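When you get a sec, could you build the whole thing from the sequences and use the hints?
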Amino acid sequence: MIKNRSFRSRLNEFTDFAFVIPTLLFVAIFQVYPVIYNILLSFRGITMQNFRSGGDFVGLQNYAAILSDPDFTTALLTSLIFTISCMTGDLIIGFSLALLFKRKFPLAGVLRGMFLIVWMLPAVVSGTLMRWILAPDTGILNYALKTLGFIQDNIAFLSTESTALPSVIGSNIWCGTPFYFIMLLSGLTSLPDECYEAAKIDGASPFQAFRCITLPLMKPKILVLLMLGFMYSFKVFDLLYVMTGGGPIRATTVAPIYIFEKSFMQFKFGIGGAASCVMLLVISVLAVFYLIQMRKEENL
Amino acid sequence: MKKALIIVLSLCMIFSVTACGGTSGTTPAAPAQPAASSTQAAEAAKPAESAVEAEPTLITFWDWYDAEEPRFFDAIDDYKALNPHITVERTTITRNDFDSKVVRAAAANQLPDIFINSISRFQAWADAGIGADITDLVDQYGAKENYFASSLEPLTWQGKLHGLPMYNNVWMLYYNMDMFEQKGVTEVPATWEEFRAACEKTVDKANGIYGAALTGNKSEEGSVNFLYWLWQADADLYDLRSDNSKSAFSMIQNLVKDGLVSGDMLNWNQADSFQQFLSGRAAMTLNGSWQLGPLNDATFNWGMAELPVGKKQHGIMGGEGIGISTDCTHPEEALKFILFMHEPDNYLKYKLNSGGNLAPIPAVNEKDVIKSNTKISECAATLAYCKTRAYGPNYPEISSILQEAVQSNILGNNIDEIVDTAAAKIEPLLPPR
Chain A
3 MIKNRSFRSR
13 LNEFTDFAFV
23 IPTLLFVAIF
33 QVYPVIYNIL
43 LSFRGITMQN
53 FRSGGDFVGL
63 QNYAAILSDP
73 DFTTALLTSL
83 IFTISCMTGD
93 LIIGFSLALL
103 FKRKFPLAGV
113 LRGMFLIVWM
123 LPAVVSGTLM
133 RWILAPDTGI
143 LNYALKTLGF
153 IQDNIAFLST
163 ESTALPSVIG
173 SNIWCGTPFY
183 FIMLLSGLTS
193 LPDECYEAAK
203 IDGASPFQAF
213 RCITLPLMKP
223 KILVLLMLGF
233 MYSFKVFDLL
243 YVMTGGGPIR
253 ATTVAPIYIF
263 EKSFMQFKFG
273 IGGAASCVML
283 LVISVLAVFY
293 LIQMRKEENL
Chain B
15 MKKALIIVLS
25 LCMIFSVTAC
35 GGTSGTTPAA
45 PAQPAASSTQ
55 AAEAAKPAES
65 AVEAEPTLIT
75 FWDWYDAEEP
85 RFFDAIDDYK
95 ALNPHITVER
105 TTITRNDFDS
115 KVVRAAAANQ
125 LPDIFINSIS
135 RFQAWADAGI
145 GADITDLVDQ
155 YGAKENYFAS
165 SLEPLTWQGK
175 LHGLPMYNNV
185 WMLYYNMDMF
195 EQKGVTEVPA
205 TWEEFRAACE
215 KTVDKANGIY
225 GAALTGNKSE
235 EGSVNFLYWL
245 WQADADLYDL
255 RSDNSKSAFS
265 MIQNLVKDGL
275 VSGDMLNWNQ
285 ADSFQQFLSG
295 RAAMTLNGSW
305 QLGPLNDATF
315 NWGMAELPVG
325 KKQHGIMGGE
335 GIGISTDCTH
345 PEEALKFILF
355 MHEPDNYLKY
365 KLNSGGNLAP
375 IPAVNEKDVI
385 KSNTKISECA
395 ATLAYCKTRA
405 YGPNYPEISS
415 ILQEAVQSNI
425 LGNNIDEIVD
435 TAAAKIEPLL
445 PPR
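Going down the list, the protein sequences come from chains A and B.
Residue 216 in the working numbering is what sits at position 214 of the first sequence, and the numbering runs on without skipping anything.
Residue 224 in the working numbering is what sits at position 210 of the second sequence, and the numbering runs on without skipping anything.
Since the hints were made in silico from the structure, they are not lab data.
Given the structure is predicted, the values throughout are model-derived calculations rather than measurements.
The beta-carbon is built from N, C-alpha and C at its ideal position, and this holds for glycine as well.
Keep in mind that a hint or two might mislead.
[As the list claims (entries may be wrong)] Quick list of in silico lysine to aspartate or glutamate cross-link-like pairs, EDC-like style, CA-CA up to 20 Å: (1) 439(B) with 73(A); (2) 148(A) with 431(B); (3) 350(B) with 153(B); (4) 221(A) with 196(A); (5) 365(B) with 346(B); (6) 271(B) with 163(A); (7) 326(B) with 257(B); (8) 221(A) with 195(A); (9) 271(B) with 201(B); (10) 260(B) with 272(B); (11) 325(B) with 257(B); (12) 439(B) with 71(A); (13) 271(B) with 431(B); (14) 215(B) with 201(B); (15) 439(B) with 253(B); (16) 197(B) with 257(B); (17) 174(B) with 153(B); (18) 219(B) with 139(A); (19) 174(B) with 346(B); (20) 271(B) with 139(A); (21) 271(B) with 204(A); (22) 260(B) with 430(B); (23) 158(B) with 430(B); (24) 219(B) with 155(A).
[To be verified] Under 10 Å between C-beta atoms, here's a sample of chain A residues computed to sit facing chain B: (25) 152; (26) 265; (27) 270.
The structure is reproduced here in structure tokens:
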């Protein structure tokens, strides 16, 4: 009898894994292999001139080259500023919207759907749209600001070094907020009503209820969301490429644009590979935290 | 058990998040399959008797034109009718994906037999072993003499020919005649001073009209549109620190500083700056000869002239070439197909010069169709003093350094510092003169 049960559980285990095999295969071929290939690439001095022969093994030379390249360190810093600003903006706006939409009001469903349209737009479309909105002489934002009397002269948002980065951050927040909003809203709706009822009876103000009930209960969700958000924002390429191409000069050159420039414009594949490995490392550290958080949440 | 599953699945997900950032910035787009035309289908239906004696040969051909564009399909069909044993298979890839796709194909030894590219890439590709040395083959057919020597120059690397030119284009000054008349500009600007003066007269800040729309975005286009200024100043990338070179930088910087040209030019590619001109937001633009096509839609009277001259008259020649790859196992057949397209009558029939482009083949330019087109003839005449970007295999990197210098200049930074920084980076990359 016991033997039989253990066989069954073994069979179950096997079935469980069998379901995962297609995904594992997919991931191995399309994701693990390229990553490993990329890591190997980063130790070779591959350029346009020698890529057909494979290039020589150069050890850590590519890493030394990028770490001593001020353009790379600046790009990493720009990436961090970009990512953290985007996460903060996305979270604040997304959370506010989620709180608003938790209350029932007419047309809430339709509006929620409309927010998702923004999220579904390809980044190339959003980028082009944003370029038009922010254009200095013909853009609607300048027109609006001027009509309302906020500014005297048109602002060249994307072609001034000081405003280019904030502008692309703003645009990326616009693209990313709906994701935060929907995720947080689903979290909010699953919070137990009893807590709020009890708090109400105890005479808690809405702000106190938010601070002492909503925030603590939502904390694990927010943490997970922030980590996902970091990984997504850290590797945004298309939106920036369309909006500024990394310019003016290098004001919006984030790490992915630097990598693209090295690999596919200057064809220094080894250098590009090393730079993407550094990026991978940053994201992996975050991924480990993400996994730990996921397990914690699972154990709750 | 459940935990193990969750960890495995989470790992999968994290890989899917990181892998995209880790390997490259772009996802390779699948090349659009060439639409099989009905004529091709008809060809295939024909009995295969005629092909008995010659061995069937497949020539693969990659280009970046619209997949629907008939000109190459016509050439392919006609060639097949004449040589039933040869099939040319065309694949179109978008221009943005083209280079990386070719490079990947090269790494896998799966290059197409023939490919198109900008003439500015050929030296780098020759050096990379992508484009085959076709000097002897071309000589064998005595075909070298069919082309302008200047058109062959950018396709030549270390004395060896690595491609044939498809077409060339040049940069010209386009001006809005109506605006010139209104603002009292009587002479078409022929020099830098006159160009600036015309800008000063036509600029109309209140209505958002600039003197000229220029290109300075962070791409190859930004480099091209600065190089002719640099050359006109009688300078070159070899002497960026010279006073002549600085005068080219300050010319543009002052145009922007004084509000004669929009500083937003650093986000404009050539199509963007041309659009500014076409929509009446700029009185002039310096742009490619291919804009002659879109100019038919202009709602105002326009004129075209040579680029305003600085210290020395120079122009810049661009264009596209066609190369045979090192993976091609039947280069002679491939070359024959190219030469077939380049026969003067065929060249015109397949409109290889369509849209304001110039034929690199003197015999084509002798044809009445071309001679009677005054605008095209005017453009072609400038080829006499045009230079090409022949800066060796490091040009892509040189270009990206130059782009940053151009942008920094538009933003009004110190010119001495800009040229010093750029020169220090560019000089070691230039081939010896």
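To see whether the hints hold, each was checked on the structure:
1. 439(B) with 73(A): This hinted pair holds, its Cα atoms lying about 13 Å apart.
2. 148(A) with 431(B): violated (35 Å)
3. 350(B) with 153(B): Distance of about 13 Å is within 20 Å: holds.
4. 221(A) with 196(A): holds (19 Å)
5. 365(B) with 346(B): violated (24 Å)
6. 271(B) with 163(A): holds (15 Å)
7. 326(B) with 257(B): holds (14 Å)
8. 221(A) with 195(A): Holds, because 17 Å separates the two Cα atoms, which is no more than 20 Å.
9. 271(B) with 201(B): With Cα atoms ~25 Å apart, residue 271(B) and residue 201(B) exceed 20 Å; violated.
10. 260(B) with 272(B): holds (18 Å)
11. 325(B) with 257(B): holds (12 Å)
12. 439(B) with 71(A): holds (12 Å)
13. 271(B) with 431(B): holds (18 Å)
14. 215(B) with 201(B): holds (12 Å)
15. 439(B) with 253(B): holds (13 Å)
16. 197(B) with 257(B): At roughly 33 Å apart (the allowed maximum being 20 Å), residue 257(B) and residue 197(B) break the hint.
17. 174(B) with 153(B): Satisfied, since the Cα-Cα distance of roughly 11 Å is no more than 20 Å.
18. 219(B) with 139(A): holds (10 Å)
19. 174(B) with 346(B): Holds - the C-alpha atoms of residue 346(B) and residue 174(B) are around 17 Å apart, at most 20 Å.
20. 271(B) with 139(A): Given pair residue 271(B), residue 139(A) holds - Cα atoms ~16 Å apart, limit 20 Å.
21. 271(B) with 204(A): The hint is violated at about 66 Å.
22. 260(B) with 430(B): OK: residue 260(B) and residue 430(B) at ~8 Å, within 20 Å.
23. 158(B) with 430(B): violated (44 Å)
24. 219(B) with 155(A): Given that 20 Å is the threshold and the Cα spacing comes to 11 Å, the pair holds.
25. 152: violated (18 Å)
26. 265: holds (6 Å)
27. 270: With a minimum Cβ separation of about 8 Å from chain B (threshold 10 Å), the hint on residue 270(A) holds.
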